[in-house]
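There are 2 protein chains.
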Amino acid sequence: MDGHTLVGRRVPRADSGAAVTGRAIYAADVKLPGMVYGKVLRSPYPHAKIRRVDTSRAVSQPGVLAVVTAADVPGEGVFAREEVAFEGQKVAAVAAETWEAAEEALALIEVEYEPLPAVDEVEAAIQPGAPRVRLDAPLEEATDLRGNPLNNIARMNEFTAGEVERGFVAAEVVVELVFHIPALHQVYLEPHAAVARPEPGGRVTVWSGAQGIFLARAPVAQALGWPLQRVTVIGTQVGGAFGGKNFVYAEPVAALLAVKTGRPVQVVDTRREVFLDSHPGPGCFVRAKLGARHDGTLTSLQAEVFWDGGVAGADGPSNRLRGLYRLPNYRIRSYGVYTNKMAPGPYRAPGAPQMAFVRESLLDELARQLGMDPLELRLKNAVEEGDVSIDGHPLPRIGFKETLQAVAAHWAQRKGLASPPSSLSTPKRRGWGIAAGEWTNWVGSSATSVTLNEDGTVEVITGSVDLTGTNTLFAQIAAEELGVPLEQVRVALGTTDTVPYHDTTGGSRTAYATGTTVRWACEEVKRQMIRLAADILGEEPESLEVVEGRVRMKERPEEGVSFRELAQAAIRSAEGPILGGGKLASRPSRPAYAVQIAEVEVDAETGQIGLRRLIAAQDVGCALNPLLIEGQMQGAVVQGAGLALWEGYRYDGAGHVLNPDLVDYRIATAEDVPPIETVLVEVENPEGPYGAKGVGEPPIIPTAAAIANAVADALGVRVTELPLTPERVLAAITQGELTTAQQYGIR
Amino acid sequence: MDGHTLVGRRVPRADSGAAVTGRAIYAADVKLPGMVYGKVLRSPYPHAKIRRVDTSRAVSQPGVLAVVTAADVPGEGVFAREEVAFEGQKVAAVAAETWEAAEEALALIEVEYEPLPAVDEVEAAIQPGAPRVRLDAPLEEATDLRGNPLNNIARMNEFTAGEVERGFVAAEVVVELVFHIPALHQVYLEPHAAVARPEPGGRVTVWSGAQGIFLARAPVAQALGWPLQRVTVIGTQVGGAFGGKNFVYAEPVAALLAVKTGRPVQVVDTRREVFLDSHPGPGCFVRAKLGARHDGTLTSLQAEVFWDGGVAGADGPSNRLRGLYRLPNYRIRSYGVYTNKMAPGPYRAPGAPQMAFVRESLLDELARQLGMDPLELRLKNAVEEGDVSIDGHPLPRIGFKETLQAVAAHWAQRKGLASPPSSLSTPKRRGWGIAAGEWTNWVGSSATSVTLNEDGTVEVITGSVDLTGTNTLFAQIAAEELGVPLEQVRVALGTTDTVPYHDTTGGSRTAYATGTTVRWACEEVKRQMIRLAADILGEEPESLEVVEGRVRMKERPEEGVSFRELAQAAIRSAEGPILGGGKLASRPSRPAYAVQIAEVEVDAETGQIGLRRLIAAQDVGCALNPLLIEGQMQGAVVQGAGLALWEGYRYDGAGHVLNPDLVDYRIATAEDVPPIETVLVEVENPEGPYGAKGVGEPPIIPTAAAIANAVADALGVRVTELPLTPERVLAAITQGELTTAQQYGIR
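For the record, the sequence lines run as chains A and B.
Everything in the first sequence is counted per the numbering used here, starting at 1 for the first residue and increasing by one.
Everything in the second sequence is counted per the numbering used here, starting at 1 for the first residue and increasing by one.
Bear in mind the hints are in silico, worked out from the structure with no lab data behind them.
Just so it is clear, the structure is predicted and the values come from calculations on it, not from any experiment.
Among the hints, a few may not be true.
Note: identical chains are not told apart, hence a pair may lie in one copy or across any two.
[Stated by the list, open to error] The calculated SDA-like cross-link candidates involving lysine to any residue, where the alpha carbons are at most 25 Å apart (straight line), are:
hint, residue 1, residue 2
1, Lys260, Val20
2, Lys31, Lys260
3, Lys260, Ala107
4, Lys428, Ala124
5, Lys31, Glu97
6, Lys260, Thr21
7, Lys526, Pro227
8, Lys260, Gly22
9, Lys380, Ala408
10, Lys428, Ser16
Given these sequences and hints, build the entire structure.
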């Protein structure tokens, strides 16, 4: 970063010391005098009618202070009232003097259920005759592209351009594949936890580890039926979120119990509860085909994406199948399907890794069929300035090709071009895969204040919860703008009472949007300091500049006023304390691209996949802090590897989760992955601070696809169901040539 | 208040419910997990050298976590290092698992003192040969106006105008009196208390009941030798302050112990500690004479004011002897005198009640000598627009005469003009007194933000600690400006981390200065709302207005946008959330006047004084909330009655406090005072919000003087030493005619 002293530096996270030494305060660490403990009663049935809830025995138990049910909550929300539609759904909660007493009292709540049939697989749910997932929700009349009637469809959407059939007619090669992707939990290490304290005057204070303090406030207020201003949310340290803590779980329960008991109440979910009652990334079932000419020019795409929408029948971003490559004709049908599962929610680049797995697998198969280098195929079709974006707008200057080219030297190291299907007899087979992803950071609502303390040190005040070191970035930006050492800047998180509305830390928006407001606030601080210094020095503001913690004369740098002097003078001046503000809630943002390469070694006898190399390139616009960005990339690639090889909810077919714990829901560990190689590409974004783009989400998008492509490269057969378990790999190998023949024969 | 719906209304304090039901959280109510308790070791000697402090026995005591002394504190501050100069001065502090263990450990700290002579009376301290109060402080060479050398003078100051001697030559009547006023404690009901919690990353959080969160932060940072930004202060409910909590006592001790132990530490002073180690209002000893012509025109004033400056040798506002009445010639000599007592500090209208007692007593005696009505004498000489203010500036339009005239009807009800000295034989004698006072509110530094919650409710964010209901006023102002019901406005106090610097709640500044910033912030909020509504409605901003929680068309009021809609739209708009700010730290303010009448009944046999009527008139500029203002006036008059009749520190002559408890330091109770009659005068202040002036301090100023004048009226003899105890009254009666003759014979 030319001309910058702090922006661009590898500054470690300010809070990492506290986090790794156990001194950081998470919501479960908040202990208040007189605090009692809340536990939630959950439905054991994936689907049932609730006939009766009798809390009388529980309430009369010694040590029990209160029980709350849907009857205590105005309107809908929090607890099931008449029907439960997934295993683990909340039915009631107890507050008691100890965790144990609360746990025991749960067993004394009598709930009379009438069990109903349930369905948990999206492919099964759409069949005529499948159980109805929710008795209370209307269904969409729908058929698939073949005209088959569909069941349990909550919503349907279609994205089209050009003439799809003509595009396939013009194609010289067509690949068609079917994909299965399971629901994926964010697996934040910190479980859901909250503390609520009733306050005098009919108020409540909530300690929350949600991704945003304001997103935690609204559901608490709603559960209580109170206006927002009667709820204060204090953000605690967040122990991982990845999109999953854009919802709150413990907070409304704790608040309801606190108001009912008049005592502070803590609710901490177990890992099992986290797995049973949260909002994981959605699974999906996809039928897709892609056509191209011999020279690699893409001609047409058709896809049906059946999103596993859980009890919400939620849809996903199926349009992400396109947008990275020029594609004149496409029809993408997107379905939100009800299943007897918790509703899905955002997980780091929501829906993008799923759609990248589909898109980049198709592309890879196409390269194989065409005998073309997969990187070359991508470069040939990659969108650039002026092409149509995923959202349908013309693209500004982007860095997709630059990012593809940034890995070309790595790609050239591979053992050779992806080989055609060959003998499967060699037990250890190596393969290389490449894949790409796009993400355009969200902007959202941000507001930041910057003020000077009386000793001239700098205070940055935000409503932005720090998940990933963004406070460190804000300090870098403020120190850069004001010309002071990093140690003189403190970044503080306000409460919902003391800062204006601020959106969640998510959507890769924080450095981009809140960072911009930090910069603006500093610019206003500089203007105020220069005005005041001009008064003090008797000079024109134009003759002054802010350098190294002083406002000084441009011509005579030895003459100036220190920040300390200015801070002191300001608080006795007509204008008052030095205070700059920056705010925004809408601003153009630019697509950022991630390209990754995986090298794998597959044991053809066991089906085990070993990761040998993972190379992640990303266009970050401007690397505000390469250390933190590399951390984001490495963490995301590890998660992506988990999605590829191990992760995913498993169900018994009747709505029961088979793996609601960290033994059976296997995530990637440090032992599973090689050191992750990172390549930062900087194609400036003129709208971002110093040219920056959002960086947190892009690197998870292509990982699973790159690994799957590497496996296909190694084996000559493709597994299209995630995760790529040894069983699936072995099955693919066994069916080897038959499978290959079937796939390649399809036209 | 014409045209206003909320400003001017008698709105009860928002926090009174919590306060009177015991649910408000004071610093002593803050309980944290793992919290330990701090107690302070204090000097039993009013003056001594510290030879040695040995903490080893205390530290090794079970349950004791740490002991801190001056050796733990960088630079000066907190603990005495080599010399103690008043009884109760801090020498060390202990943190222990219980209060009892901490208390017991104090006895195990071995301090070797070398006692030194001490002096506690200002009249004694100034004598040549008096003990030297502080060995470490330089003295001022000084003589009094008679040329006598003075001892223990820390500072000297003189205010003069015209030619004093000529003025007395021109006088036809001169009164000369000697006054004694004791040091006066603010007697806040809540003792000093604080909790400090060490935080990860080398920070500390402090819960403080100080009058300002920022004034608590600086001394904590200083004690620790840390920059300000490493200290966070959270303001708690304040249980009375009256200027006395502009200093902090428990906070630095708690913080030092917290950092040393790594545990949260609570320090709560006992009432005895509060009386021994705080900053009471200063006593003084005054020699003064005032001359006038037969028609009542004042000609000259000469005074020597010896302020009891304690270990600080602090001076007081002796210039307050003048400024209310036109006075062409004066010489006021002001001395700050060292005594072996704690340093004095601000107490509600600092120094003004003392100087009013002197000034208004002199004036009353003059009226008696002149045979003139005391109200008439005041009206004749009262300053008005264009005259010189106390600060030496020309006065703007003021309301002094209006305030004097406002009590004329009450004054006319008295039994007759103040009678000349007469027979003292009637046991029950009634008398009336009148007195006046002036106060120009301080401005200080204020900054306020106003924002909309997503549901359209209004949040006012300040750094202003609420002592007297000012948050209720801010809510009234915001509700008035934005046209919403009071219930839709919440006022929140930020922490030192999350709001810009804000000065203390004191100097009658808050409604005036911070109230102005609330109004400005609302104006900015309105501008932003109108801009956004204009966008939404496709109309010109000029055609819109903010009425009743909506922005609507002036011409077609049925068309508009609700605050809720605007709040929601704003957080998806380019400008970002609706957020207005107002800040200032300097602004003209205008003198406010208080005039009070007391009717007393003195029992000439016992010397007991009964208060029959207390009438308080005050120019408040604009009565933003008459209920709260009347509360301020009533409370101040009760305090003033205490000063007149009961209150004051008593010492043994060698520096030991004789009455450090609420049995021996007697304050006024509800039984002691009649219902206090209030008269609000409104002479608009164009600089204040809606014309308001500061109201909290003026009403304490004239009370003691009015009561003393009433007693003199009843008895025909004057007691010039406060408080007017039965002993002093009886002594005055006994010496009756002799005293009178002496006083009146002096020329």
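Hints versus structure:
When the C-alpha separation of lysine 260 and valine 20 is checked against a cutoff of 25 Å, the pair qualifies only between copies, where the shortest distance is 22 Å, while the shortest distance within a copy is 37 Å. Within a single copy, lysine 31 and lysine 260 get their C-alpha atoms as close as 19 Å, and across copies as close as 22 Å, so both meet the 25 Å cut-off. When the C-alpha separation of lysine 260 and alanine 107 is checked against a cutoff of 25 Å, the pair qualifies only within one copy, where the shortest distance is 20 Å, while the shortest distance between copies is 47 Å. Taking the shortest Cα distances, lysine 428 and alanine 124 never come within 25 Å of each other, neither inside one copy (36 Å) nor across copies (102 Å).
In this homomeric assembly, lysine 31 and glutamate 97 come within 25 Å of each other (Cα to Cα) both inside a single copy, at 13 Å, and across copies, at 18 Å. Proximity of lysine 260 to threonine 21 under the C-alpha cut-off of 25 Å is restricted to the inter-copy arrangement: shortest distance 19 Å between copies versus 36 Å within a copy. Within a single copy, lysine 526 and proline 227 get their C-alpha atoms only as close as 38 Å, which misses the 25 Å cut-off; across copies the closest is 21 Å, which meets it. In this homomeric assembly, lysine 260 and glycine 22 come within 25 Å of each other (Cα to Cα) only across copies, at 19 Å, whereas the closest approach inside a single copy is 33 Å.
Only within a single protomer do lysine 380 and alanine 408 lie at most 25 Å apart by alpha-carbon distance; the minimum there is 14 Å, versus 97 Å between protomers. With identical chains, the CA atoms of lysine 428 and serine 16 are never at most 25 Å apart, being 40 Å at best within one copy and 78 Å at best between copies.
In this structure, the earlier hints numbered 4 and 10 are contradicted, and the remaining ones agree with it.
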